[in-house]
Amino acid sequence: MIKKRVAATVVVKNDRVVQSLAFKTYLPVGSVDTIIQNLDRWGVDEIIVLNIDRTSNGLGPNIEIVKKISSIPISTPLTYGGGITSVSDAIDVISSGAERIIIDSLFLKSPSDIKIISEVIGSQAIILSIPFKVIDGHFFHFNYLTKIFTKLDLVNIKQYEKIISELLLIDVDAEGDAGSYSNEVVEFFSEVNIGLISYGGVGLSSQGSELLDAPSVNAIAYGNILNYGELFFQKVKKSLTKSKKKLRRSTYRDKI
Amino acid sequence: MEETSFCKLCLYDSNHPLGLEINDEGVCSGCLIHQEKDNLDWNKRWEDLEDLIKPYRCKQKVKYDCIVPVTGANDSYFIMHLVKNKLKLNPLIVTYNKYFNTPLGIKNLANLRSKFNVDILIQNINPQIVKKVTKASLKIMGSMYWPCIAGQTVFPVQTSIRYKIPLVIWGAHQGTEQVGMFSHLHNSQMTRRYRKDHDLMGFEADDLLNIFNTLGEEDICQYRYPSDNDLRRNSTIGIYLSNYVRWDPKVQHEEMVKLYNYESTKFHRTFDIYDHGDCYNFLNIHDYIKHIKTGHTKVTDQASREIRHGRISKEEATKLVNFYETQLYQYDDLFYEWLGVKKNSFQFVLNQFYNKKYWLEVEPGKWITKKKITVVPAELNNIYGARFQANSSMNRDKPSKYITVGKGYP
Amino acid sequence: MTKIGIIDYGVGNVNSLNKSFKSIGFKSFKSSDKSVLKSSEVLVLPGVGSFPYAMDRLQQLKLDNFIINESKKNKPIIGICLGMQLLTDSSEENGDHPGLGIIPGKIIELGNSDFHIGWNDIDICKELNFIKKFNKYEFFFNHGYVYRGHVKNILSKTTYKSNYFASAIIQKNTVGFQFHPEKSQKAGLQILKSTINFLLKSK
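Residue numbers (our numbering), protein chains in the order written: chain A, 1 to 256; chain B, 257 to 666; chain C, 667 to 869.
It should be emphasised that the hints constitute simulated quantities derived from the structure, not laboratory data. One thing to keep in mind: the hints can contain errors.
Straight-line Cα separation of at most 27 Å, DSS-like style, residue types lysine-lysine; simulated pairs [said to hold, decoys possible]:
(1) K162/A with K823/C
(2) K13/A with K420/B
(3) K738/C with K67/A
(4) K626/B with K264/B
(5) K342/B with K420/B
(6) K598/B with K391/B
(7) K802/C with K245/A
(8) K802/C with K818/C
(9) K68/A with K696/C
(10) K68/A with K852/C
(11) K264/B with K24/A
(12) K627/B with K546/B
(13) K693/C with K67/A
(14) K238/A with K802/C
(15) K68/A with K859/C
(16) K838/C with K244/A
(17) K688/C with K67/A
(18) K255/A with K693/C
(19) K798/C with K245/A
(20) K867/C with K739/C
(21) K395/B with K613/B
(22) K838/C with K802/C
(23) K115/A with K772/C
(24) K802/C with K244/A
(25) K612/B with K628/B
(26) K3/A with K827/C
Label pairs and their calculated CB-CB ranges [as the list claims (entries may be wrong)]:
(27) D653/B with K67/A: 39 to 47 Å
(28) N607/B with E64/A: 22 to 30 Å
(29) K115/A with N829/C: 22 to 30 Å
(30) N760/C with G60/A: 24 to 32 Å
Away from chain C, derived, C-beta distances all over 10 Å, residues of chain A [unchecked claim]:
(31) A22
(32) E64
(33) S71
(34) I94
(35) K133
(36) I135
(37) D136
(38) K151
(39) G179
(40) S182
Since the structure is predicted, the reported quantities are computational estimates derived from the model, not experimental observations. Virtual Cβ for every residue (Gly too), placed ideally from N, Cα, C.
If we strip away everything but chain A, and leave its shape as in the complex, we get (with noise of 0.2 Å):
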């Protein structure tokens, strides 16, 4: 049976990493080989990596990086997004390591590209990132770029259905502030048949749990409390109790 994934966020900018709060507040980490070493040591189940200041300057996908990542070695499925605003910009991400490639303002920008980028990488490597706000109960597509919110259009992102396989839900002001994330984006996106990812503030215990219990969530992202302690992820995994029959279990290396 398949199991739900449990993925690790890494926020890069500045070709480092860095905590992001509420996609306002950044603290500076670390490097992004000896974060990412780490993360596959610990067995996660995909790495997420968001490189946020690409399309801002006018750079495209940070090749570099995901080269430099693929060559720690890493053995674990790696997910980049950031500065992707083209088909080649998609082929070079995954032709320099990356699995599957995440795109938020292409959507917004240049969305007839999406499935000419489909028809090369194919649907299963595309997942649209949607940055959300939720103000009195009412959706909002946040765009990171402009700092606008406009109301979220489903119907929009049905027309996608075949052609991108995963939507990545993030919690613009839950970011940072574990169990704060808006599990109702959920059920406000169950007429699409698209699977999602939630991450933003996603928080332990219970809250994750209810994310994995609905069938249209296949996975759920940490991002910064990964960096808080020694084998967090595996904490982190541990917490979520109720999931237990729906994840992978926790591996510990015993070499180094």
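On the provided structure of chain A, position chains B and C as indicated by the hints.
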């Protein structure tokens, strides 16, 4: 993305070796997190600490509640004071012999053990091996201190596993205190990742093995971190008191001088008198090497700390740093003798590590700093001399010589 | 030391695979040059992408016939993920497209706009020593199309939503993995090692 940005409050810039984020208001992550020190409810934080360590208090069965890593300097006294007197725990204290020991450091360490009435474990790695590893780390990363930091950060963890004492209590979390890597509220704990990334400059023991043919398993095994499985089985956890206590080294040290007669000393390369008096090299040649590699010095850390505590202005701090950074290091002759190298071959190795961002080679092997220095030395006593008055000295009136610890028969 | 030749046709991450083989003690290289690939003892066909795009790339580089000919000469071949699918007769992804026809069977849609993404376990279907120890081990999958073929070609099956499909297939000394062994941590590296050793012995 290459441009350097500066914090408007302290002396740090975006090139800080630990990383630094500067927000849209020009305030760095270090200053931002420091503000928590004035806003947090420290009584609540202390309660959180008590709750955290409660399960580790031993009943009668085992002797030690926790492990406390110490040196003959830095926050060791204050940590012991909190652990024994406030938390009422029974610690096993551990220390790694770095070999560059000053009479001051040995005196302070002996005094610590005796005043706090505790058992101490001292790790002495075969000096021949330490010298071998030191030479290797100099060649690969221009560091003469790698074995010291590697030993200091791993011996307590190894001891935790070997003696089955899960709780390791550290003092200040350097990343949080300097660059705001974590909020105090993140309750960050000791990790192998942090050690590799920020203490060991990206090189663990086995990484050295893979690079050098001259180093063998027997040379680096003592510096190797326990496996994840060992850590899990023992439930080893490392906590930082600076997350739960309003950390202010100057104030803390002054109290330790009063209560326990902690001894301090003047330094050439900084105004501070309390930290690193136990080592002939940390604030001398090692600090100079840091300067050439990263453009960053210990006095910058200490001056920024004093700015954040509101005891000094940025202007005054800048003058202090400009003066102290340019002072020459001492006692390097002891180091060359210990390592068995000549001064000029040492300089030759160092030559390749000068960071051209901060240094200009005016002639082969001769470098000058690109930084503009304008300072009038006489002003310094007015700024800070009175506030840091040493009560002792590194040599304690003995000849300058590394104090041998645990050698056995002289 | 055994030389593994990874076919570099611009589709999929050959660098990861290269590093993986090195980490389990094999000498490996990546190339799109037929004469260089010929010198390998085992050929590996990776793939992350869509079937028609990948076949097109192979055809452009004239590697399609090369692989078929090498197979006829009994060169051991391992196909990974899309690479496995390319080894079969055909696929219905984005239209009807022929494959290399080395392993009989075809590739069909998983159905309902579904994707099989994540870690899943494999049920070994053949009494072969090199693979039976991996029964119930978990590997990382990432696909929306699956193999449909004869039981004799199925090495392992995997369950998805009360249905199952082939997670590994075999025809003589050609093996295909639907999952990514190079990204399945310890189990993945072990199964790669075991498979290569098996293929080399049965030459």
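Tested hints:
1. K162/A with K823/C: Roughly 25 Å separates the two Cα atoms, so the pair holds.
2. K13/A with K420/B: violated, 40 Å
3. K738/C with K67/A: violated, 35 Å
4. K626/B with K264/B: This hinted pair holds, its Cα atoms lying about 21 Å apart.
5. K342/B with K420/B: holds, 24 Å
6. K598/B with K391/B: With a Cα-Cα distance of about 12 Å, the restraint between K598/B and K391/B holds, given a limit of 27 Å.
7. K802/C with K245/A: holds, 15 Å
8. K802/C with K818/C: Distance ~20 Å between K802/C and K818/C Cα, so the pair holds.
9. K68/A with K696/C: Holds: K68/A and K696/C sit about 18 Å apart, inside 27 Å.
10. K68/A with K852/C: Roughly 21 Å separates the two Cα atoms, so the pair holds.
11. K264/B with K24/A: Since the Cα atoms of K264/B and K24/A sit roughly 19 Å apart, the hinted pair holds (cutoff 27 Å).
12. K627/B with K546/B: The hint holds at about 15 Å.
13. K693/C with K67/A: holds, 20 Å
14. K238/A with K802/C: holds, 21 Å
15. K68/A with K859/C: holds, 24 Å
16. K838/C with K244/A: Violated. K838/C to K244/A sits at ~40 Å, over the 27 Å cutoff.
17. K688/C with K67/A: holds, 16 Å
18. K255/A with K693/C: holds, 23 Å
19. K798/C with K245/A: holds, 24 Å
20. K867/C with K739/C: holds, 16 Å
21. K395/B with K613/B: Satisfied, since the Cα-Cα distance of roughly 21 Å is no more than 27 Å.
22. K838/C with K802/C: Within the cut-off at roughly 24 Å; holds.
23. K115/A with K772/C: holds, 24 Å
24. K802/C with K244/A: holds, 17 Å
25. K612/B with K628/B: Given pair K612/B, K628/B holds - Cα atoms ~15 Å apart, limit 27 Å.
26. K3/A with K827/C: Status holds; Cα separation ~11 Å.
27. D653/B with K67/A: 39 to 47 Å: violated, 58 Å
28. N607/B with E64/A: 22 to 30 Å: holds, 28 Å
29. K115/A with N829/C: 22 to 30 Å: Holds, since K115/A and N829/C (Cβ atoms, about 28 Å apart) stay within the stated range.
30. N760/C with G60/A: 24 to 32 Å: holds, 26 Å
31. A22: It holds; A22/A is separated from chain C by about 28 Å at its closest Cβ, greater than 10 Å.
32. E64: holds, 13 Å
33. S71: violated, 7 Å
34. I94: violated, 5 Å
35. K133: Consistent with the label, K133/A stays out of reach of chain C, its closest Cβ about 27 Å off (over 10 Å).
36. I135: The claim holds: I135/A sits with its nearest Cβ about 31 Å from chain C, beyond 10 Å.
37. D136: Nearest chain C Cβ is 32 Å from D136/A, so the label holds.
38. K151: holds, 25 Å
39. G179: About 25 Å separates G179/A from the closest Cβ of chain C, which puts it past 10 Å; holds.
40. S182: holds, 24 Å
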